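Colleague: Once you have looked at the hints, place chain B on chain A.
Chains as they are written, first to last, in the numbering used here: chain A, 5 to 160; chain B, -10 to 283.
These aren't lab readings, by the way, just hints derived from the structure by calculation. Just so it is clear, the structure is predicted and the values come from calculations on it, not from any experiment. Where a beta carbon is used, it is the ideal one built from N, C-alpha and C, also for glycine. Check before you lean on any hint, since a few could be wrong.
[As the list claims (entries may be wrong)] Using C-beta positions, here's what the derived DEER-type ranges look like:
| id | chain 1 | residue 1 | chain 2 | residue 2 | range |
| --- | --- | --- | --- | --- | --- |
| 1 | A | R10 | B | R71 | 42 to 48 Å |
| 2 | A | A123 | B | G46 | 41 to 47 Å |
| 3 | A | R10 | B | P76 | 31 to 37 Å |
| 4 | A | E59 | B | E104 | 41 to 47 Å |
| 5 | B | R268 | A | D145 | 50 to 56 Å |
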Amino acid sequence: MATVERYRFPPDLWYESREHLWVRVERGDAGGAAPDVGRDGAPTVTIGIDEMGQEALGEVVYVDLLGAGAAVRRGAALGSLEAEKMVRPVLAPVSGTLLDVNDALLAAPRLLNSDPYGAGWLVRIRASRWEAERADLLHGDEAVAAWARRELEAER
Amino acid sequence: MSVLHFYAPGLKRYRTSEYAPGPERFVSISVTGASCALACEHCDGRVLEGMRPLARGSLWDLCAGLAARGARGVLISGGCDRHGRVPLLRHVPDMIRVRRELGLAVRVHPGLADEATAAALAEVGVDGAMLDVIGAEATIRDVYHLDVGVDAYEDALARLDRHGVPLVPHIVLGLHWGRLLGERRALEIVARHRPKLLVLVVLTPLYATPMAAVPPPPVDEIGEFFADARRALPDTPISLGCARPLGPMKKDIDRLAVDAGLSGIAYPAEGIVAYAEARGRQPAFHDACCGVNW
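Bound-form chain A, shown alone (with noise of 0.2 Å):
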């Protein structure tokens, strides 16, 4: 576990470090380490907003995101964040099919303030280009440490 300051980054989690996202590659067994995979063998990846972005939202006051079936596009927006000190969309770390939305946030915005990590997820996708496209972020604890460091210098 990456920890700068108050911000803790799960080890398992892939970053994409301009929008603060976490990207997590779903278990196709409990506990198992193979992934779940499509026919296609793309894995099912899961999405979220890391703790420092969330704190940089403020209180989550509305969630908006494309329905279960979209396809999308690394980079497209797939939704848009609404909060008391942020407005912004969600834009795709990755590219492929949007396979579920986590309705309980769009009910609760602010399980993304209470739990980033866990209940406050957004979308989950098959990732279609995960091979080529996971090099653009960052995973590792040294990696991730180093880009938080930065990302809070920057802010002072």
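Modeller: Just chain B, lined up with the frame of chain A:
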């Protein structure tokens, strides 16, 4: 094709697929940090949290740093004292330098400006003085916790106007726990004082305030007020300001603002630029408070 001005002041980070403001072009500063003596029921100081606090050093130092990073204007704001005044006077010498030496546009939140403050703001050459005009004694007393009458707002506008300070009055729709009460009287007051522009905002339930669970006024009442304001001030620009409920209601309110022929919208909801264009309005984008002149 008439222009519809879209604004993004520096009160929050804002980005949609239609409008992505540049970084720190216009910055809101609180000279009191998060402190406010009034602790109004709808705000409780939360609005100040979105501003840059003047924590260390002078206003000049802060603004010089912002200008060096590309800022073109500032809003000098802060919490009120017990009399509804924002303590701006001691910063006036810095504000004069900020205006003349840095060339920044300076907007202010003076609150109920007294004579000395009105005269000083005129000397600064502020781009505009913004204050909420309240038209109901009960709202002033019970929401703002102020011991003054409606005439205090009219007097403050008159004082600023007499000194030649451009007026940018705001009217908050639904300030009385979600109910329209003094808004139309406030509109009458504003109409008597030649504002540079009028800004309409809507009660926004803010987390951790006494009004956090208060529903805003119904959308149709908001639309009726937009139309009334347009009729009352036919030749004055009217903007929909920063504050209004988020989510689906924001989209509805923004559409009503376009339909009513308002001249500006701050922080437009996703899709509103396209909505306006489809109705023959030409969009113009300004990374600043409503109506700021660079």
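Colleague: Does each hint hold? Answer for all of them.
Modeller: Do the hints match the structure? See the list:
1. The hinted window of 42 to 48 Å between A:R10 and B:R71 is violated, with their beta carbons roughly 36 Å apart.
2. The hinted range of 41 to 47 Å is satisfied by A:A123 and B:G46, whose Cβ atoms lie roughly 42 Å apart.
3. The beta-carbon spacing between A:R10 and B:P76, approximately 33 Å, falls within the hinted interval of 31 to 37 Å.
4. Between A:E59 and B:E104 the Cβ separation comes to about 43 Å, which falls inside the hinted range of 41 to 47 Å.
5. In this structure, B:R268 and A:D145 meet the distance hint of 50 to 56 Å, their C-beta atoms being roughly 53 Å apart.
Hint compliance for this structure: hint 1 alone is broken.
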